[in-house]
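S.K.: The residues making up each chain are set out below.
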Amino acid sequence: MKLDEKTNYIVSGLERSGTSMLMQILYTGDIEISFDNSRKSDDNNPRGYFELNGGKIINLLINGDFEFDKYKAKFIKITAYGLKFLPPGKYKIIYCERNIEEVLDSMEKMMGIKDRNREDTKKSFIALNNMIKKKINNRKDTKILYIYYNDILLDPEKNIKKILNFLNLSYQNLDKMKAVVDKNLYRQRK
Amino acid sequence: MNEKKEKEYANVKIPTALAKKIKKRIEGTEFTSISSYVTYILGEILSDAEEKTEETFTKEDEEKVKNRLRALGYLD
Numbered sequence: 001m002k003l004d005e006k007t008n009y010i011v012s013g014l015e016r017s018g019t020s021m022l023m024q025i026l027y028t029g030d031i032e033i034s035f036d037n038s039r040k041s042d043d044n045n046p047r048g049y050f051e052l053n054g055g056k057i058i059n060l061l062i063n064g065d066f067e068f069d070k071y072k073a074k075f076i077k078i079t080a081y082g083l084k085f086l087p088p089g090k091y092k093i094i095y096c097e098r099n100i101e102e103v104l105d106s107m108e109k110m111m112g113i114k115d116r117n118r119e120d121t122k123k124s125f126i127a128l129n130n131m132i133k134k135k136i137n138n139r140k141d142t143k144i145l146y147i148y149y150n151d152i153l154l155d156p157e158k159n160i161k162k163i164l165n166f167l168n169l170s171y172q173n174l175d176k177m178k179a180v181v182d183k184n185l186y187r188q189r190k
Numbered sequence: 191m192n193e194k195k196e197k198e199y200a201n202v203k204i205p206t207a208l209a210k211k212i213k214k215r216i217e218g219t220e221f222t223s224i225s226s227y228v229t230y231i232l233g234e235i236l237s238d239a240e241e242k243t244e245e246t247f248t249k250e251d252e253e254k255v256k257n258r259l260r261a262l263g264y265l266d
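Just so you know, the protein sequences line up as chains A and B, in that order.
Each residue of the first sequence is one higher than the one before, counting from 1 in this note's numbering.
Each residue of the second sequence is one higher than the one before, counting from 191 in this note's numbering.
Incorrect hints may have been included.
[To be verified] Examples of chain A residues toward chain B, derived with CB under 7 Å:
1) Lys56
2) Asn59
3) Tyr81
4) Gly89
5) Lys90
6) Met111
7) Lys140
8) Asp141
Think of the hints as simulated: they come from the structure by calculation, not from any bench.
Glycine included, each C-beta is placed from N, C-alpha and C at the ideal position.
Start from the sequences and build out the full structure, keeping to the hints where you can.
M.R.: See the structure below:
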C-alpha cells in the first residue's frame, strides 16, 4: 500500500511501549517500512525489533547525520528521545503509549536488573514522554496519531482502522494486520 | 486574545545570510516561508524558557534517560 512520497513516517513512543509490535502490524499490512537486522530478535522482542542502525538511530539524529530523504514514503522507528532532534520536514508519526509501570517492568526484564531507583526513573521517563508529546504537538510539520498499547491488544480492529484512516489507506489488509496482535506478547501486564 | 489580534504580525529583521540558510533548511518541508519557520523556532525557545520555571524534563532527567537508553542498547 502506497504512502505519500513527500512524507517521512515514524513509529515512536518510549522504549518498550509497543513500537516493535506497531512496526510489525504495518509490515504485515504491506505498508512499506525500513529496518535492518543489526539487532536480532530475542526473548524480549521475539518477532524482531524493526530498527535501523541496531536501534541506535538516535546517535545519528543527535549528530544531524540521519538522511531522512532516503526514507520518505516508508515507516522508520525512532523512539521518543530521538524526536527531540527531529529536523524540519514533513512527518506523520504514530506515537505509542503504554502504562509506565509496564514499560519499566519490560525495561528491567530486558536489562536483567531490578531498578533500585525506580521511582526516580519513572519520573524521568514520564517527564520525557510529556516533553516529547508537547514538542511534536507544537510542530506545524507533523501530524500525530496516538495509539495506546493496551487498547490495541483489547480492540485491534478499532485501533488498526484508526491507523489506516490516519494514513489514508484502505482496509484491504485489516485481517492480516489484526492477526499480528498476539495477546501472548502481553507478558508484562500487571 | 481575540481572533483579530492573533492575525496581527510584526516585522523582524534578520541577516540575509541567515535568511538564506533558513531558506535552504526548509526546502521540501512543511514550512512554506522563512517567517513560519522563524516563528516556530522562536516559539520553541520561549516555550522552553517558560518551562524551566515548572517541573519538567530537567538535565538530570535527561542524563537518567540517556543512561537507561545506553543500557538498553538505544544509544552509544
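S.K.: Given a cut of 7 Å on the nearest C-beta pair, is the interface hint for Lys90 of chain A held or broken against chain B?
M.R.: It holds, given that the least Cβ distance between Lys90 of chain A and chain B is near 5 Å, below 7 Å.
S.K.: For the hint on Met111 of chain A, does the least C-beta distance to chain B fall short of 7 Å?
M.R.: With a closest approach of 5 Å, the Met111 of chain A hint holds.
S.K.: Checking hints one by one. Is Asn59 of chain A an interface residue toward chain B, by the C-beta closer than 7 Å rule?
M.R.: Where the cut-off is 7 Å and the nearest Cβ of chain B is about 5 Å from Asn59 of chain A, the hint holds.
S.K.: Tell me if the interface restraint on Lys56 of chain A is satisfied: Cβ within less than 7 Å of some Cβ in chain B.
M.R.: OK, holds: Lys56 of chain A within 7 Å of chain B, min 6 Å.
S.K.: Please verify that hint: Tyr81 of chain A, Cβ, nearest Cβ of chain B, below 7 Å or not.
M.R.: holds (6 Å)
S.K.: Tell me if Lys140 of chain A is really an interface residue toward chain B, meaning its C-beta lies closer than 7 Å to one of theirs.
M.R.: Interface hint status for Lys140 of chain A: holds (6 Å vs cutoff 7 Å).
S.K.: Can you verify the interface hint for Asp141 of chain A: is its Cβ closer than 7 Å to any Cβ in chain B?
M.R.: holds (3 Å)
S.K.: Do the numbers back the hint for Gly89 of chain A, that is, is its least Cβ distance to chain B under 7 Å?
M.R.: holds (5 Å)
Consistency with the previously given hints is maintained throughout, with no hint failing.
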